[in-house]
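Q: Given next are the chains, with one letter for each unit.
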Amino acid sequence: MEEVDNIIIHTLKQIGCDLPDSIDSLKKFSTELVVAATVQCLRVIKDKFDISPNLPPGMSAKFRVGTALANACLELGYQGEIGYQTFLYSSETEIRRLLLFLIEKLPRDSAERTDEALGTSALMQRAIATEISRQLKTTWSAPYCKAKGICWRGTKPKLWHREGVIGTRAYHSCSLSVPYGVGDLTKKLHKELKQYYMKELAVITNQPPHKADLPASVLESNATSVTAAQEWENEWNSSGLGSGLSEQDYRLRKQQRLKKKITDQLRQGIQKSEATVAAAATTDLMQTLNTFTDKSASKTKGSRFMHAEKLQFTEDDAKTAVQMGIGEGAPKLDTEEDLQQKREKEVECLREALQGLTSQIEAMEIDMRKYTANTQQMEELILVMDRSVSDKENSYKVMKRTLDLLPDADANIAKLQSVVDSSAQRLVSLANQWEKHRAPLIEQYRQLKELNEGKVSESQKKLEEIKSFREKMKIVADETRSKEDLHKQLISEYERMTKGVNRSAYTRRILEIVSNIKKQKDDIDK
Amino acid sequence: MNLMLISGSNFHFELYKRTLITFHRSPLGGVDSFSSEMAEIGQENLDLIEKCPAELISSFIHQVIDGVCGQTQPRFQDYSKVWSIEQWYTVVDCTERLFKSAVKSNTSKQQFTKHIEGLSKDRQQSIIDCYSVRSNDIRRTLVQNTTAISQAQMTDFDWKLKLVMSSDKIASVQEPLVSVDLDLQEEKGQKVVSLEMNQTELKKMITSLEAANKAVLQLKS
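Sequence order for the protein chains is A and B.
Here this note's numbering runs 7 ahead of the position in the first sequence, where the first position is 1.
Here this note's numbering runs 28 ahead of the position in the second sequence, where the first position is 1.
Keep in mind that the hints were calculated from the coordinates and are not lab data.
This one's a predicted model, so the numbers in the text were calculated from it and none came from an experiment.
By construction, the Cβ of each residue, glycine as well, lies at the ideal position given by its N, Cα and C atoms.
Keep in mind that a hint or two might mislead.
Not the full set, but computed from the structure, chain B residues with beta-carbon under 8 angstroms of chain A [claimed, not checked]:
1) S87
2) T100
3) D157
4) V161
5) S163
6) D186
7) S249
Here are the simulated SDA-like pairs of lysine to any residue, each with C-alpha atoms no more than 20 angstroms apart in a straight line [stated by the list, open to error]:
8) A/K481 <-> A/S245
9) B/K242 <-> A/W239
10) A/K206 <-> B/Q91
11) B/K137 <-> A/Q202
12) B/K248 <-> A/Y257
13) A/K206 <-> B/Q152
14) B/K128 <-> A/S182
15) A/K206 <-> B/A199
16) A/K206 <-> B/P81
17) A/K268 <-> B/N241
18) B/K248 <-> A/S245
19) A/K469 <-> A/K479
A few chain B residues that don't get close to chain A, going by computed Cβ distances all over 10 angstroms [stated by the list, open to error]:
20) A82
21) G98
22) V206
Could you build all of it, start to finish, from the sequences and the hints given here?
A: Written out as structure tokens, the structure is:
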């Protein structure tokens, strides 16, 4: 029965009775404790039960309290003798029965009311409230007593919080350099590189200009390398594997493609802004662009562009020369006018001659075209005529032969028949031979075709398999990670949970109840 | 983090050309710019470098290069016995310019040695070693600085998650807010843009950033 006592005491503690730890069986319950326990149970069962759990000193008061409690228990339906004497002059068995009855009557929620509202927001609210109240209760300490504004309080565990912004620093990262390629022991580094790594390369903590920037720099370098690796994986999985090149070839190709794109964009920019800026700067820039790209690939473009520029420059030069020419003095103008007139006349004559010649040339070209068309037509006619002639010759020959053969008609007919038969047989035999040849060739052809298709689909299948494997790998990795997290969580929860009451007490009680019920059933059946 | 948009607008292009013109002070050719740089550095500065004892010179050069790459710069106190404070400024500046122009024009080791023949053999050797080891780092930093030429570029960002418990008018608000600080490097200088967003606005911002990322990936492919 000690296990039952344990259960009873445990439940009473759960609903809020202050039982000292020394009590572990109902024998040690004093009357006050019995009354307090009963009052607490009744309070939990009925909401408006307001009898104080402390037993008043006077005898009559005690008597009143005892009868009130007994009445309350009778109201709840307690089968058995109960009266003020059970509380004031208690015996262990009666108390045990009473408390068991009351505990059974406890609403089922009371056991669960302790872990109410486990939602995350409620938890967080409670955590916030506790933290704020704890911080409010701490005593004030001067700023120079706290290192960087961090203030440690409490005994076990020692908790800290930050007061003010004195120790904070803005997020500012700088580049860190780490030895690269050292992990692979088979590859040897250059002697100078090794020297640099061993002697000169500062430790990461000394690299940023401010020591406080170190965590920011580490986070930044880690994030960039992780995102770069992820992006590369995505790109490789999506387009790299499909292209069928090795990794280095793919990277080279991508680099060339990007360089070409950048130079094209810059060239377009140059052309747009050419009008506003002096030409010298653009030639500079063009030369830089030529050094970027492969000379073989862009030579034609570059030279075309330079050619266009050169033409522009010559035009400019010509313009400047003409402007200089017009700016000269007045006396030379007359002679220039005469000269100009003469020149104009010459130009006109020459133009007329030119026009005449061009018109002649055009007329001759038209004639030429006509003649060539005519010759083509004639050739076609000739062809047609030839064909008809040959047809007519053939028909003439046939008719002539039949005329020759007519006098000796029967024999000739028989001969002709035999000739026709033999030729038919020859045809049939040839056809058979051809069939014999054809069949194996067709078989071969079909086989080769199937092999070819098989290879293509095999490679495709393998690519798909690789992709599916990679996805599975990712999924499995994620699962293992989540399972590990869950494992850690559950371990911490398990350690947190109280290993108070042992199971065997509960199980024994349950078995006793079961046996009781069996006995009762047997009694009923009797 | 770099957010760069390649645009063909005139304005950006002007900036880019201006900086390129300052990089190349004379018409281009690979060796010419480097030798012109060397001519500017002059013989006195090589003598200054000569003053440094041989065992300290490689660490000095590596620290100067660290300064170029954005890490801790060399401290005068470590080298106070070798140079006076004015000499210190000139020597650091010249070494920086020397290495930057060498990396820009992709000089090979032999060309580099030809240009620093004024120094003693072991110093030449240590300079060449430093150059060959660090040239990739310097090139990467210079490329990063070039790509940072833009109207505004974000150098860092920081976020905080806050839970508003109550306000002066409402006892229990319980609203989660996120505050994002963006450090921008503009032409005029540095600027900090702070945003405070609730959940819907944060989701909008994340979708627009993802769209920008997709556009960049499409440009790359």
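Q: Quick one, is the B/S249 hint okay against chain A at 8 angstroms, beta carbons?
A: holds (7 angstroms)
Q: Just want to verify: B/A82 was marked as not at the interface with chain A; is every Cβ pair farther apart than 10 angstroms?
A: holds (14 angstroms)
Q: Is the hinted pair A/K206 and B/Q91 satisfied, with a Cα-Cα distance of at most 20 angstroms?
A: holds (12 angstroms)
Q: With the threshold set at 20 angstroms, check whether the alpha-carbon distance from A/K206 to B/P81 stays at or below it.
A: Holds, at roughly 17 angstroms.
Q: Is the hinted pair A/K268 and B/N241 satisfied, with a Cα-Cα distance of at most 20 angstroms?
A: The hint holds at about 18 angstroms.
Q: Given a cut of 8 angstroms on the nearest C-beta pair, is the interface hint for B/D157 held or broken against chain A?
A: holds (4 angstroms)
Q: Is the straight-line distance between the alpha-carbon of A/K469 and that of A/K479 20 angstroms or less?
A: With a Cα-Cα distance of about 15 angstroms, the restraint between A/K469 and A/K479 holds, given a limit of 20 angstroms.
Q: Taking 20 angstroms as the top limit, are the C-alpha atoms of B/K128 and A/S182 close enough?
A: holds (18 angstroms)
Q: When you check the alpha-carbon spacing of A/K481 and A/S245, does it fall within 20 angstroms?
A: With Cα atoms ~15 angstroms apart, A/K481 and A/S245 stay inside 20 angstroms; holds.
Q: Does the structure keep B/K248 and A/S245 at a Cα separation of 20 angstroms or less?
A: Cα-Cα ~14 angstroms, so holds.
Q: When the nearest CB of chain A is found for B/T100, is that gap smaller than 8 angstroms?
A: holds (5 angstroms)
Q: Holds or violated: B/S87 as interface residue toward chain A, Cβ cutoff 8 angstroms?
A: holds (6 angstroms)
The structure fails to meet hints 5, 15, 21 from the earlier list, while all remaining hints are met.
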